[in-house]
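Chemist: Chain by chain, the residues:
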Amino acid sequence: MNNDLPVIKLEHVSVRYRTPAERYSTFKEFAIRWLQGKVRSNSFWALRNVSFEIHKGEVFGIIGQNGAGKSTLLKLVSRVMRPTEGRVIVIGRVVPLLELGAGFHPELTGRENIFLNGSILGFTRKEMEAKFQRIVEFSELHEFIEAPLRTYSSGMWARLGFAVAIDAEPDILILDEILSVGDEAFQRKCLARIEEFRKQGATIVLVSHNTHQIEQMCQRAAWLAHGQLQAIGTASEVVKSYRENQHIN
Amino acid sequence: MKATSALELYYDSASRGSPPLEELREVIHYRNLILQLTRRDVMTRYKRSVLGIAWTMLNPLGMMVVLTIAFSHIFRFETEYGYPAYVLSGLLAWNFFSQTTTAAMVNLVWGGGLLHRIYIPRTSFALAAIATGLVNLTLALIPLVFINLITGVPIRAAILFLPIPMLLIAAFALGVGLLISTFAVYYPDVAEMYGIALYGWMYLTPVIYPVNILPESIRFWITLLNPMYYFLEIYRAPIYYGRLPTLDLLIPAIIIALVTLLVGWIVFTNKSDEFSYRI
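Respectively, the protein sequence lines represent chains A and B.
Sequential numbering of the first sequence, starting at 0, is according to numbering that gives the first Met the number 0.
Sequential numbering of the second sequence, starting at 0, is according to numbering that gives the first Met the number 0.
Treat the hints as calculated values from the structure; they're not laboratory data.
All C-beta atoms in this analysis are idealised placements derived from N, C-alpha and C, irrespective of residue type, glycine included.
Hints may be right or wrong, so weigh each one.
[What the hints assert, rightly or not] Here chain B is said to cover these stretches of chain A; the calculated rule only asks that three of the stretch's residues, wherever they fall, bring their Cβ under 8 Å from a Cβ of chain B:
#1 122-128
#2 151-165
#3 221-235
[Stated by the list, open to error] With the Cβ distance kept under 8 Å, some of the chain B side facing chain A (calculated, not the full set):
#4 Y9
#5 Y10
#6 D11
#7 S12
#8 N31
#9 V41
#10 L113
#11 H115
#12 D247
#13 S271
#14 Y276
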């Protein structure tokens with residue numbers, strides 16, 4: 000395994016959101032202001048000049064408080080957003096396990112939703128047909144697969160979402176907070192599957208407030224605060240300085 | 000590791016080719032997504048109702064009955080083959096346009112949650128909206144042909160030409176849908192304004208009345224400036240008048256459809272990188 004090969008590369012990445020200084024509730028109001036040349040906006044840097052690399056096959060943690068820029072960073076990596084400045088390079092298929100079953104529709108059956116969600120991940124119908132049995136098996140939802148999703152419990156919903164996402168066999172898996180999927184037995188099964196992946200050379204990016212988890216699971220970690228990179232290094236070092244900082248404040 | 004496309008294997012935010020072309024490539028790669036979204040929209044719309052998908056056909060029929068009763072008592076429109084089939088064909092084409100353009104916008108602005116979580120081509124929702132409309136428009140041919148038969152509207156070989164006007168309206172609707180979606184992302188009020196504009200636009204289009212009832216001066220402007228006039232006429236030609244559309248209507252319709260689609264596609268795809276900063 001080539002451990003130094005970067006699969007995610009951030010080069011001086013910045014993201015600036017613009018929020019209007021005043022609220023224009025209507026187009027007319029805005030048009031008048033615009034004609035007068037009085038449109039003002041505040042800008043807010045969600046990320047500022049962030050550079051680092053994540054290597055192939057590592058479990059990489061990202062810590063930071065709410066609003067530190069973690070979600071924005073994930074959006075950049077999963078191609079949802081392009082940076083305002085700087086450059087993002089990603090090699091391989093990325094599957095974010097952020098919102099399991101985000102594309103599910105309650106009126107469709109489990110089967111129909113598997114195919115729908117698979118298409119959101121970019122798979123063709125044929126590819127999904129090949130995956131279908133495996134997904135159903137992993138989710139342990141055989142008996143319910145022809146029932147509409149509105150009859151599922153939230154745990155079943157998440158299980159199906161996880162099963163579809165994990166079967167995409169991503170090169171890079173993004174986990175936002177660790178899974179709270181279903182019961183403990185199912186969670187263990189998910190973690191085992193993720194570990195299996197990592198052994199096959201997949202890269203895992205884990206975002207969490209939970210510093211214990213980062214220490215336990217990750218080799219390296221980065222700490223973000225107010226959109227800036229505070230520290231990067233081995234998980235234990237980064238967590239240590241993060242904790243020290245939290246105590247001071 | 001498995002990857003289905005070279006596009007997914009290497010992503011560099013700095014190398015941005017021509018957005019309209021890149022989007023086209025992505026759409027081709029994600030064609031199954033468009034298909035699945037369309038399937039979802041067609042299937043879930045009436046899933047809980049007893050008559051299910053039959054509503055796609057019953058809905059315009061109901062409208063036709065109401066309008067026929069109302070107008071046969073208030074105004075007496077002279078139409079070549081009777082009013083019911085005239086108004087039904089007009090309503091189908093108009094509703095297709097108004098519903099798909101609105102759906103394209105609404106799906107993007109209010110259904111945009113998915114776009115925040117995972118990468119999918121930004122035009123997916125608009126394309127699925129148009130495809131869903133095309134399915135409904137095709138299904139609605141059943142009641143239309145039925146009404147034609149019972150009211151004595153001739154069904155001739157020209158009906159085989161019908162897919163062409165349907166696709167031209169779809170291209171026009173996609174272009175308009177992408178343009179208003181772009182505006183609606185920046186100014187949500189556009190959504191409300193568009194609803195009102197559509198209402199007025201419908202009365203400026205010979206949907207429920209024949210064009211010859213208009214005074215000469217107004218008719219001149221409408222037939223010159225209203226693109227929907229051309230689309231309705233070319234749609235009605237094969238299904239209502241039983242003939243091919245004349246070239247003086249067909250050629251402007253083709254030009255308007257393609258230019259609108261091209262402009263809509265270019266504007267939307269060039270702006271779509273900014274959407275995730277906004278929606």
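Chemist: Evaluate each hint against the coordinates.
Modeler: Hints versus structure:
Remark: the stretch 122-128 of chain A is confirmed as covered by chain B, as 5 of its residues place a Cβ nearer than 8 Å to a Cβ of that chain, reaching the required three. Given a C-beta distance limit of less than 8 Å, the hint that chain B covers the stretch 151-165 of chain A is violated, as 0 residues qualify and 3 are needed. Chain B is given as covering the stretch 221-235 of chain A, and this is violated because 0 residues of the stretch bring a CB closer than 8 Å to a CB of that chain, at least three being needed. At a threshold of 8 Å, the smallest CB-CB gap from B/Y9 to chain A is about 6 Å, leaving the interface hint in force.
For B/Y10, the interface hint holds, the least distance from its beta-carbon to any beta-carbon of chain A being 4 Å, beneath 8 Å. Satisfaction of the interface hint for B/D11 is found here, the shortest Cβ-Cβ separation to chain A being roughly 5 Å, below the 8 Å cut-off. The restraint placing B/S12 at the interface with chain A holds, with a minimum CB-CB distance near 4 Å, inside the 8 Å limit. Restraint check, B/N31 versus chain A: the minimum CB separation of about 4 Å is within 8 Å; hint holds.
Hint status for B/V41 relative to chain A: violated, with the closest Cβ pair at about 11 Å, above 8 Å. Taking 8 Å as the C-beta contact cut-off toward chain A, the hint placing B/L113 at the interface holds, the least distance being around 6 Å. Here the hint on B/H115 is kept, as its CB sits about 6 Å from the closest CB of chain A, short of 8 Å. Below 8 Å, beta-carbon pairs count as interface contacts, and B/D247 has none with chain A, the closest being about 37 Å; its hint is therefore violated.
Below 8 Å, beta-carbon pairs count as interface contacts, and B/S271 has none with chain A, the closest being about 10 Å; its hint is therefore violated. At about 6 Å, the closest approach between the beta carbon of B/Y276 and any beta carbon in chain A falls short of 8 Å, and the interface hint on this residue holds.
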